[in-house]
Amino acid sequence: MPGKSPFSEDWRDCLKAHYTHVIRTNDVRTEKTLRTVLHECGYNDAQINEWYVLATMHVDDVDPDFVPDLELVQAEAAPVMVAVPEMPPVPVAVIEEPPSEDAVADEEADDDPPPHDPNGFQQLSMF
Numbered sequence: 004m005p006g007k008s009p010f011s012e013d014w015r016d017c018l019k020a021h022y023t024h025v026i027r028t029n030d031v032r033t034e035k036t037l038r039t040v041l042h043e044c045g046y047n048d049a050q051i052n053e054w055y056v057l058a059t060m061h062v063d064d065v066d067p068d069f070v071p072d073l074e075l076v077q078a079e080a081a082p083v084m085v086a087v088p089e090m091p092p093v094p095v096a097v098i099e100e101p102p103s104e105d106a107v108a109d110e111e112a113d114d115d116p117p118p119h120d121p122n123g124f125q126q127l128s129m130f
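Residue 4 is where the sequence shown starts when you use our numbering, and the numbers rise one by one after that.
Some clues are possibly wrong.
Stated by the list, open to error - Using C-beta positions, here's what the derived DEER-type ranges look like:
#  : residue 1 : residue 2 : range
1  : Thr36     : Leu57     : 16 to 26 angstroms
2  : Asp13     : Asn47     : 16 to 26 angstroms
3  : Glu89     : Leu57     : 31 to 41 angstroms
4  : Pro91     : Thr33     : 40 to 50 angstroms
5  : Lys35     : Arg15     : 18 to 28 angstroms
6  : Phe69     : Pro92     : 35 to 45 angstroms
7  : His24     : Gly45     : 17 to 27 angstroms
8  : Pro92     : Ser8      : 41 to 51 angstroms
9  : Arg38     : Ser8      : 19 to 29 angstroms
10 : Thr36     : Pro92     : 47 to 57 angstroms
11 : Pro9      : Asn47     : 20 to 30 angstroms
12 : Glu74     : His42     : 17 to 27 angstroms
13 : Asp13     : Pro91     : 34 to 44 angstroms
14 : Pro101    : Asn122    : 36 to 46 angstroms
Stated by the list, open to error - Using 25 angstroms as the maximum straight-line C-alpha spacing, the simulated DMTMM-like pairs for lysine to aspartate or glutamate come out as follows:
#  : residue 1 : residue 2
15 : Lys19     : Asp48
16 : Lys19     : Glu53
17 : Lys35     : Asp48
18 : Lys35     : Glu12
19 : Lys7      : Asp30
20 : Lys19     : Glu74
21 : Lys19     : Asp72
22 : Lys35     : Glu99
23 : Lys19     : Glu34
24 : Lys19     : Asp30
25 : Lys35     : Asp68
26 : Lys35     : Asp16
27 : Lys7      : Glu43
28 : Lys19     : Asp68
29 : Lys35     : Glu89
30 : Lys35     : Asp13
31 : Lys35     : Glu53
Hint data in this document are derived by calculation from the structure and do not stem from the laboratory.
For glycine and all other residues, C-beta sits at the position ideal for the given N, C-alpha and C.
Could you put together the complete structure from these sequences and hints?
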């Protein structure tokens, strides 16, 4: 798009983050003027209300004495879409017969270390 700043999306993200901070700190005075700025930037009430709901979703992120505006939360809060990762399919358990005694004996024989090769590599230790 000609004339569009490459930083416009970053600036919009900063506006959203600033609004979230203002709501979480219960800064009513700044919220009024910031809502005006957001409207002038092209955001509508539904988008701003959605940000409000997202900002107040987590109790850990707001001041202890914060009380959300219930009319705003219940009015037109858009449903929040959450991405849920797909779970891989669960493998089906296969019941195998226990190995024969001959197979167990062969495996035990394979556990013996190979004989020492005098011309092979040797691990040296400095300590």
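Structure-based check of all given hints:
As the Cβ distance of Thr36 to Leu57 is approximately 21 angstroms, the hint placing it in 16 to 26 angstroms holds. Taking the beta carbon of each, Asp13 and Asn47 are about 21 angstroms apart, inside 16 to 26 angstroms as hinted. At roughly 24 angstroms, the beta carbons of Glu89 and Leu57 sit outside the given window of 31 to 41 angstroms. Checking the proposed 40 to 50 angstroms range against Pro91 and Thr33 shows it holds: the Cβ atoms sit about 46 angstroms from each other.
Range check, Lys35 to Arg15: about 20 angstroms between beta-carbon atoms, so the 18 to 28 angstroms window is met. Range check, Phe69 to Pro92: about 44 angstroms between beta-carbon atoms, so the 35 to 45 angstroms window is met. Here the CB-CB span from His24 to Gly45 is close to 21 angstroms, well matched to the stated 17 to 27 angstroms. A beta carbon spacing of about 46 angstroms between Pro92 and Ser8 agrees with the range 41 to 51 angstroms that was offered as a hint.
In this structure, Arg38 and Ser8 meet the distance hint of 19 to 29 angstroms, their C-beta atoms being roughly 23 angstroms apart. For the pair Thr36 and Pro92, the beta carbons lie near 53 angstroms from each other, so the given range of 47 to 57 angstroms is met. For Pro9 and Asn47, the hinted distance range of 20 to 30 angstroms is satisfied, since their beta carbons lie about 25 angstroms from each other. Between Glu74 and His42, the C-beta spacing of about 19 angstroms keeps the proposed range 17 to 27 angstroms intact.
Checked against the hint of 34 to 44 angstroms, the C-beta distance between Asp13 and Pro91 comes to roughly 36 angstroms, which is consistent with it. Taken as a hint, the range 36 to 46 angstroms holds for the pair Pro101 and Asn122, whose Cβ atoms sit roughly 42 angstroms apart. Between Lys19 and Asp48 the alpha-carbon distance is near 13 angstroms, which keeps this suggested pair within the 25 angstroms criterion. With a C-alpha separation of about 11 angstroms, the suggested pairing of Lys19 with Glu53 holds against the 25 angstroms cut-off.
Between Lys35 and Asp48 the alpha-carbon distance is near 13 angstroms, which keeps this suggested pair within the 25 angstroms criterion. Note on Lys35 and Glu12: the hinted pairing holds, with a Cα-Cα distance of about 23 angstroms set against a maximum of 25 angstroms. The suggested pairing of Lys7 with Asp30 is violated, with an alpha-carbon distance near 32 angstroms, which exceeds 25 angstroms. About 21 angstroms separates the Cα atoms of Lys19 and Glu74, which keeps this hinted pair within 25 angstroms; it holds.
For a cut-off of 25 angstroms, the pair hint linking Lys19 to Asp72 stands: about 18 angstroms separates their Cα positions. For the suggested pair Lys35 and Glu99, the alpha carbons sit about 69 angstroms apart, so the restraint of at most 25 angstroms is broken. Taking the CA atoms of Lys19 and Glu34, the gap is near 12 angstroms; set against the 25 angstroms cutoff, the hint holds. Distance restraint check for Lys19 and Asp30: the Cα-Cα separation of roughly 15 angstroms lies within the 25 angstroms cut-off, and the hinted pair is therefore satisfied.
For the proposed pair Lys35 and Asp68, the alpha carbon gap of about 20 angstroms is at most 25 angstroms, so the pair holds. Proposed proximity of Lys35 and Asp16 is supported: the alpha carbons are some 19 angstroms apart, at most 25 angstroms. As the CA atoms of Lys7 and Glu43 are separated by approximately 17 angstroms, the hinted pair is consistent with the 25 angstroms bound. Between the alpha carbons of Lys19 and Asp68 the distance comes to roughly 23 angstroms, so the proposed pair stays at or under 25 angstroms and holds.
Proposed proximity of Lys35 and Glu89 is contradicted: the alpha carbons are some 41 angstroms apart, above 25 angstroms. Distance hint between Lys35 and Asp13 is fulfilled; the C-alpha atoms sit about 22 angstroms from each other, no more than 25 angstroms. For the suggested pair Lys35 and Glu53, the alpha carbons sit about 16 angstroms apart, so the restraint of at most 25 angstroms is met.
When each numbered hint is compared with the structure, violations occur for hints 3, 19, 22, 29.
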